[in-house]
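Participant: Each chain is listed here by its residues.
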Amino acid sequence: MSHRPSLGHRHPAQRVNALVRNFCITAHIDHGKTTLSDRLLEMTGALAAREMSDQVLDSMDLERERGITIKAHPVTLQYRADDGQMYELNLIDTPGHVDFTYEVSRSMSACEGALLVIDAAQGIEAQTLANFYLADEAKLEIIPVINKIDLPAADPEAVVRDVEETLAIERARCILASAKEGIGTKEVLEAIVRWVPPPKGSSDHLRALVFDSQYDAYRGVICYVRVVDGEMRSGMRIRSMAADKVFEVSEVGKFRPAMTPAEKLDLGEVGYVIANIKSLSEIGVGDTLTDAASAAHVPLPGYRKVTPMVFCGLYPNEGAEYGELREALEKLQLNDASLSFEPESSIALGFGFRCGFLGLLHMEIVQERLEREYGISLIATSPSVVYHVFATSGEETSIDNPAKLPPPTEIARIEEPYVRCSIITPAEYVGTVMDLCQSRRGTMVSMDYLSPQRVLFSYELPLAEVIIDFFDQLKSRTKGYASMDYELVGYREGDLVKLDILLNSESVDALSFIIHRDKAPVWGRLLAERLREVIPRQMFDVPIQAAIGNKIVARETVKAMRKNVLAKCYGGDITRKRKLLEKQKEGKKRMKQVGSVELPQEAFMAVLQLERGS
Amino acid sequence: MARNSSSVYVHLPFCDRICPYCDFAVVEFKQERVARYLAALHQELASCPQPAAVSSVYLGGGTPSAHTQSEIASLLAALFAHFGIERGSVECTLEANPSRNASALAGFRAAGVTRLSIGVQSFEDLELLRLGREHSARDAKTFVTAARKAGFANVNIDLIAGVPDQTSASFARTLERAIACESDHVSVYALTIEEGTPYANWFARRPERFPNDDRVADLLEQAESTLEEAGYVRYEISNYAKPGCESVHNLGYWRQQDCVALGMSASGYDDGLRYRNVRGFEAYCDAIERGGSAREDEERLSTQARIGEAAMLALRTREGIRDSDFRDRFGIEARSFFSDAINKCRQAGLLEENPHGVRLSPRGRLLANTACSEFLHPSFLPAPAGLGQTTS
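Order-wise, the sequence lines are chains A and B. The numbering of the first sequence is numbering that gives the first Met the number 0, which starts it at 0 and goes up by one. The numbering of the second sequence is numbering that gives the first Met the number 0, which starts it at 0 and goes up by one.
There are no misleading hints in this set.
Straight-line distance between alpha carbons at most 30 Å, and here's what the computed DSS-like set of lysine-lysine pairs gives:
{"hint": "1", "chain 1": "B", "residue 1": "K343", "chain 2": "A", "residue 2": "K578"}
{"hint": "2", "chain 1": "A", "residue 1": "K588", "chain 2": "B", "residue 2": "K343"}
{"hint": "3", "chain 1": "B", "residue 1": "K343", "chain 2": "A", "residue 2": "K582"}
{"hint": "4", "chain 1": "B", "residue 1": "K343", "chain 2": "A", "residue 2": "K587"}
{"hint": "5", "chain 1": "A", "residue 1": "K576", "chain 2": "B", "residue 2": "K241"}
Label-pair ranges, simulated between beta-carbon atoms:
{"hint": "6", "chain 1": "A", "residue 1": "K584", "chain 2": "B", "residue 2": "A80", "range": "43 to 53 Å"}
{"hint": "7", "chain 1": "A", "residue 1": "D29", "chain 2": "B", "residue 2": "L125", "range": "50 to 60 Å"}
{"hint": "8", "chain 1": "A", "residue 1": "K587", "chain 2": "B", "residue 2": "D164", "range": "29 to 39 Å"}
{"hint": "9", "chain 1": "B", "residue 1": "H376", "chain 2": "A", "residue 2": "E394", "range": "50 to 60 Å"}
Keep in mind the hints are simulated off the structure, nothing from the lab. All of these numbers come straight from a predicted model, not from anything done at the bench. Beta carbons are placed, not taken as given, at the ideal position from N, Cα and C, and that holds for glycine.
Based on the provided sequences and hints, a complete structural model is requested.
Facilitator: Right, here's the structure in full:
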């Protein structure tokens, strides 16, 4: 399936914008994509070196902290090539994590070429392959950039050989570079001019693809567009073809890299449009903008609707913050169409939201942003996938919250999502990787030696097993060397049960989860033990039980607290005594009162850490 | 107790060496420092306002007993003169360390000290070693005897529960010795690991050597039963006394009485204002020598905070929160004012009610922080018009 609009169909007034190149940069995480982008900006004078904070394109703090790009951000570069011509190169950065594959494919649909950055020491990784397939599917010209050749462990020759053999790209295309040292940057720019085809399109009937958007509190929605046919000028009236709304363009411009107004966006160019659009619901990413006065008949192929794969409940620690949490989620959603949420309530946690994410990293990032940027203290329940539940009555429902699973007697069968997981690992870890996949109910589809030292596995695994601590396990079992990527392959029946946790004999709905029947007793025991560790001692004994239906499979007790007293002389420093008590009280406030028990946030995430130490 | 009476606390920070668990404001003994500090102290005293009446004087440290007899004598003379105290008319405590200066005790008494508080900590030599103390169990016993000989009728012994490797057997021996010394007053403190002390490092490396909370709870219970059986009354969480030997100065704290604070890091209270002097030696001396004040932190308590704090302090005492006392002092009915906190703590078995008020139960004494923190911020607020009583 191609997400890329077809750019080359025949049209009477076809035109080529010969001095424009649109390309994206894609890479496995940490292979140096962002550093390379910075070098390209620097060399083309988009920013003087000293003006650059280290990585310009990663604009969110969190992105920078984690060294990952989450939001694709375009930038227009002016480059005088060796042929003497001044080219306009539009670079679209892409996310480098498996959670954001969808955003990568979106960015690619605005391009004709892709730089595939590969670490000269690490070689091809799972995400390299995934990105290669995406780019290939989008019919992009691919230019491999073998980066970090300055590293002592670099083996560019071996990587070039891999590229030839595994990706079937001729070695002449490969560029050896060190973005850090500034080696090969010019060669990359020349290769873009040489290999990436200039955009072609029809010169009448504007069609522009909205490939991303951003919400600005003052200017409303800022659409990132790729003009496919015709041109867009400020002042013209445009129609969004999917939403069928008309707007007046107040400004068009380019990212240099700051937003810089321009007279027009010509055929094939990349830039932004501001048109007094109040909310993203008025114009979705993937929509086609056309000239309201002379509309195109057929919209560009849009994007498939993104489906969240991982769900969790987010609850404000203080019930009073519910409204703030809603507002914060709404604001985040303005810039993150893949985030979904709807109100839900839990007996244990009160009112909150069931939120859908692309994956675990996405979930973590959203939680962190809510806490950090919006100052909301959150309780997050452990993540879940969407189960298809077939009732004995014949009714079919989708369940994204384990607490909502009907009683076993009403269930005919349950289906769960499966993913195909590609794992690349050094050959010495083959055994431990297979063990891990086996223990996660995986079925091996294939196993190929990419080279004598490297193995590519393809496994089919239940997604539920992948979202709980799989990636960390894989990394720790392979000393960090393995990489993985996955895609949804469909739903399959599973022998699944709901595991309930009872505290003080009361079931805590937010701690329930769905698990394979064979694993339930062991996980029940592990979870009860883990909860005993994370639940602080209370005024009374707290019995912890894990139950499948009415059957108790594990039991632990948090003993009542015996001593909490300042039996110390503070030389009459009453203030210090009082402050110590206030601090204790403050600590208690961060706990969630569930029935008569006070639970720390970790308790709700305990299931995520079960396999550590086990 | 007169409403306007105040206690006086004077901090004498000098120690021969610093105990590895201690985080008080202490400095090593050096003669030139002592002279400078005492001069500053006299200067601070000279400009200190005079309360209507003084109920007690406390020389704390540090190791006040390490000072010479004449230093203490001139300090007390100045204090008595400034506050108009007749020698021997009020409790005047000096903290003492059994490692030295037993010969000076008679002189201290002649200078006006009426009560000695001796930092024995343990009567087990190995435990004293682990605590970094310079004295032996025998020194401690000799020192207490010397105090008696010098004529002190009121002697306190400080003990620590929770010393590394302490057992209930070793603690029993310590308690027995304290009783055998016929000490009038015993303070039992639980070892607290304070950040930045050598003990904090030790604890980080070898936590198993430190009795855990459950074991310390056992030790505190053991202290209570042993001492009460010997005729001591636990009149405050950490303090035991033979009847009539309660420390006036300590009770002043628990009753939220005014306290004049002198010396570095000393904390005082003046009718709703809590203040503390600067902690550092140099900073204190500099501030006073420049002719200024050494006060660093000041906090004016709101009425609400004052009442909450009064409850926190009262709960530490045997009598607890007395209805009549809160009625007199604040014009409130404590039991309705604190009804939420009282209910919550009663349900958890932390409080006992009696016709006069509420006080901690035996369990509550081990969980005093949990109980007291409920009282710190009473939820009963003078409600704005249109709103009823708020509940938490």
